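Student: The lines below spell out each chain.
Protein chains: 2
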Amino acid sequence: MTMLDVAVIQGRGFRNVAQDGRVTGFQFQLRNPNYRGVAASLLDGIDVVIDGERVPEHVPLWTLQGRTSTLDELRASTDVRWQLDEPATITVPRPGGLAVGVHTLEVVVHLRRSYFPPMVSRTPFTASASPVLVPPAPDGGLRYGVSTYSYTQDVYTSMTLEDVFADIADLGATGIEILGEGNVPNYPSPSSAWIDEWHGLLERYGLTATNYGSWVDTTRWRDRDLTVEEGAEQLQLDLRLAKELGFTSVRPKFGVTSWDLDPHPIWQGVVERSLDLATELDVVICPEIHAPTPIRHPVTQGYVDFIEKTGTEHFKLLIDTGIFNTAPVLEMSEEIESGDGDEVPEHLRPLAVPMADLVEVLPHVHFIQAKFAQVDDDLHDLHVPWGEIIPTLTDAGWSGWLSSEYEGRREPGRGRDQVRRQHALLRSLAARR
Amino acid sequence: MTMLDVAVIQGRGFRNVAQDGRVTGFQFQLRNPNYRGVAASLLDGIDVVIDGERVPEHVPLWTLQGRTSTLDELRASTDVRWQLDEPATITVPRPGGLAVGVHTLEVVVHLRRSYFPPMVSRTPFTASASPVLVPPAPDGGLRYGVSTYSYTQDVYTSMTLEDVFADIADLGATGIEILGEGNVPNYPSPSSAWIDEWHGLLERYGLTATNYGSWVDTTRWRDRDLTVEEGAEQLQLDLRLAKELGFTSVRPKFGVTSWDLDPHPIWQGVVERSLDLATELDVVICPEIHAPTPIRHPVTQGYVDFIEKTGTEHFKLLIDTGIFNTAPVLEMSEEIESGDGDEVPEHLRPLAVPMADLVEVLPHVHFIQAKFAQVDDDLHDLHVPWGEIIPTLTDAGWSGWLSSEYEGRREPGRGRDQVRRQHALLRSLAARR
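From first to last, the protein sequence lines stand for chains A and B. Mapping to my numbering: the first sequence position 276 is 276, numbers consecutive. Mapping to my numbering: the second sequence position 86 is 86, numbers consecutive.
Keep in mind that the hints are not guaranteed to be accurate.
Unchecked claim - Ranges between beta-carbon positions, derived for each pair:
1) A/Leu382 to B/Pro124: 24 to 30 angstroms
2) A/Ile195 to B/Pro391: 28 to 34 angstroms
3) B/Phe125 to A/Glu360: 37 to 43 angstroms
Keep in mind that the hints were calculated from the coordinates and are not lab data. Values in this document were obtained by computation on a predicted structure and should not be read as measured data. Using N, Cα and C, we set each Cβ at its ideal position, and we do this for glycine too.
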């Protein structure tokens with residue numbers, strides 16, 4: 001099942017529409033702003049103001065319960081309803097449609113309410129929003145996905161798992177990345193009904209299962225470290241579960257032993273014991289290169305050495321784009337002790353890893369988590385230099401997933417909006433090449 | 001399926017707990033504040049401060065996945081998890097428990113996160129709330145229910161239908177009132193699967209279907225009024241659907257023709273044509289007495305005359321308690337044009353209907369919608385004189401449903417909290433008699 005946004009103008013459904021290959025207008029979706037569903041004949045039009053330009057109330061078309069009608073057709077209708085649990089789709093004619101990016105949209109829905117005194121019974125419901133028009137994914141080796149991490153705190157509170165699929169598909173992305181210990185009910189033993197539901201959702205929304213986030217909690221026991229055997233058992237459990245759900249890579253997050261995020265020394269033994277299984281399942285184990293650890297660093301070098309030593313195809317790097325940040329992210333989603341004074345605390349200082357370093361390790365990079373915190377109304381990312389990253393990837397001919405990982409402020413619904421902005425930005429840059 | 005509150009401290013689950021007939025403590029529920037689920041052995045205690053009094057972190061008991069453990073047991077556990085989609089129940093020992101009403105609760109959950117540098121890997125997650133302890137319903141003729149209208153805008157955005165049932169049952173109410181054209185998917189033709197789900201929820205949560213809100217939209221057609229035939233068809237459709245869902249009364253909201261809410265003249269013909277069906281189905285048709293129409297008013301008198309003339313048992317009054325308001329509700333959930341200047345606009349002036357008027361019509365009253373807008377932290381309703389209404393009802397020996405109809409500000413989740421406050425207030429007053 002899916003939920004609706006509490007805002008009347010829905011995040012999903014904002015798009016240009018085409019007829020016979022020509023863009024003829026744009027669309028958006030509305031939640032019924034009244035407290036009850038109504039016969040569509042009670043609708044009395046909708047004023048639309050897009051980017052300051054007014055569209056008269058009789059012009060937009062309404063799609064309700066799968067049927068598209070003019071206002072006059074609605075007024076005469078006998079068997080169409082605007083239900084509380086079904087959004088209306090509004091189509092506004094406009095040759096050429098709208099430009100990619102953030103728009104301002106205001107609407108006034110007019111509804112006759114018989115139970116109000118006649119003078120006030122034609123009720124205006126107003127709403128406004130800044131919806132994001134996302135262009136189609138351009139051709140090329142880059143594939144566009146989203147991690148459920150982007151929707152932290154929204155999932156299970158205002159989004160079902162199906163909403164995650166619906167959001168991702170609606171913005172034209174085709175990959176879904178999950179957290180095993182977050183998004184799999186009754187982990188590590190999901191019911192077979194849930195596994196069926198999972199595969200059904202992949203099919204229905206046309207998404208590919210990309211990367212599966214896992215953990216090796218080296219401090220799982222308070223009084224001793226996790227052993228290599230225990231770590232391998234954990235990783236292998238996740239490899240099997242990931243495979244069962246259709247994922248092609250697993251990112252194990254090992255416990256660390258230092259501020260530099262040196263992984264716990266069991267990492268190598270755990271991976272060595274699990275490589276045969278990974279090969280058998282054809283699932284790639286991907287350690288994450290994550291700030292404050294840059295590419296030129298013993299941790300990353302240790303992983304590269306391991307790849308070269310073993311010659312494996314099933315252990316590769318996952319790059320978190322936070323390492324390229326050129327400005328500090330001061331509004332963390334979860335704040336750690338942040339030092340004192342005005343100085344940016346050490347662990348928040350941007351690494352600004354140069355593109356040359358990325359180019360060097362690209363042959364070993366399997367997956368990119370497109371970490372970000374804020375894309376503004378002009379599609380400018382305040383921290384991540386996408387204008388350098390995207391050309392670097394396309395010029396190098398890299399192919400693989402860019403998976404949105406929003407990690408900014410956790411106001412309800414913010415991640416959903418920000419992911420749309422990020423995709424609009426990334427695809428615009430990729431289309432320019 | 002159910003959703004979780006976005007607030008870490010959940011609205012449901014706050015209650016005193018008893019053992020062998022003695023109250024031994026209190027309980028509350030938490031959503032996992034982390035972005036992933038974890039093995040319970042990673043939990044490192046919870047600080048609880050209740051009404052300013054601190055409970056040390058090792059004292060509370062944890063119930064996870066149906067198993068209750070001490071902190072030491074959690075630390076040693078190998079097969080218990082705190083999932084993202086399953087709340088933890090925290091039990092705090094406290095002889096005598098907590099008093100009825102609004103409390104202040106602060107918590108700090110400590111969690112070891114292996115993937116953070118050792119110095120900061122024991123992470124404190126803080127949360128606070130003002131949860132409401134609701135007493136059990138006292139014996140007597142008053143029965144306690146809730147209307148889904150209380151949760152307007154929450155249903156379908158952060159609450160599923162099952163959440164409505166879960167909220168109502170959690171606060172110890174036993175009746176559910178719905179809006180037919182709001183809460184019945186694919187109204188007026190719900191699927192048989194949905195009807196089965198509905199009856200399954202009634203059974204599982206031990207709720208009784210009380211009143212079903214319906215509408216007779218006399219302005220359904222823009223160019224002419226609804227006919228008696230059309231109105232009767234609408235009412236009879238709703239009577240049948242209400243019966244199928246187990247409801248025992250239907251409130252038809254007729255269109256009105258004046259500021260006094262005079263019902264459209266078809267009302268009487270529509271009801272006359274539907275009385276036989278109502279009798280056959282044993283469903284009571286209940287017109288609503290709603291501000292600005294008081295009890296001593298031609299509209300109400302017209303209904304009473306109809307009852308006396310027909311001698312029917314299947315047409316009775318429904319009282320909306322907004323008519324007893326002693327102060328204006330200035331923060332309406334939906335604002336109508338509200339005049340100008342500082343004066344309270346005419347339609348918002350409190351009617352303050354006297355109790356003697358209520359007593360007079362009580363023999364004809366089938367159902368009470370306990371309309372309200374705000375109950376404060378001291379369980380004082382700012383508008384409705386419950387201290388007079390409840391004794392009037394109990395002294396008169398009236399028996400029937402008091403069904404909460406929250407109609408205050410529509411911030412997400414506010415209605416859910418306010419309904420708990422109202423039930424704490426109503427039941428405290430009823431228990432005093």
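Student: Using the C-beta atoms of A/Leu382 and B/Pro124, is the stated range 24 to 30 angstroms upheld?
Tutor: holds, 28 angstroms
Student: Given the hint of 28 to 34 angstroms, is the C-beta distance from A/Ile195 to B/Pro391 inside that range or not?
Tutor: Given a distance of about 58 angstroms, which is not inside 28 to 34 angstroms, the answer is violated.
Student: For the pair B/Phe125 and A/Glu360, does the Cβ-Cβ distance stay inside 37 to 43 angstroms?
Tutor: Cβ of B/Phe125 to Cβ of A/Glu360: about 39 angstroms, so the range 37 to 43 angstroms holds.
Against the hints set out earlier in the document, a violation occurs for number 2 only.
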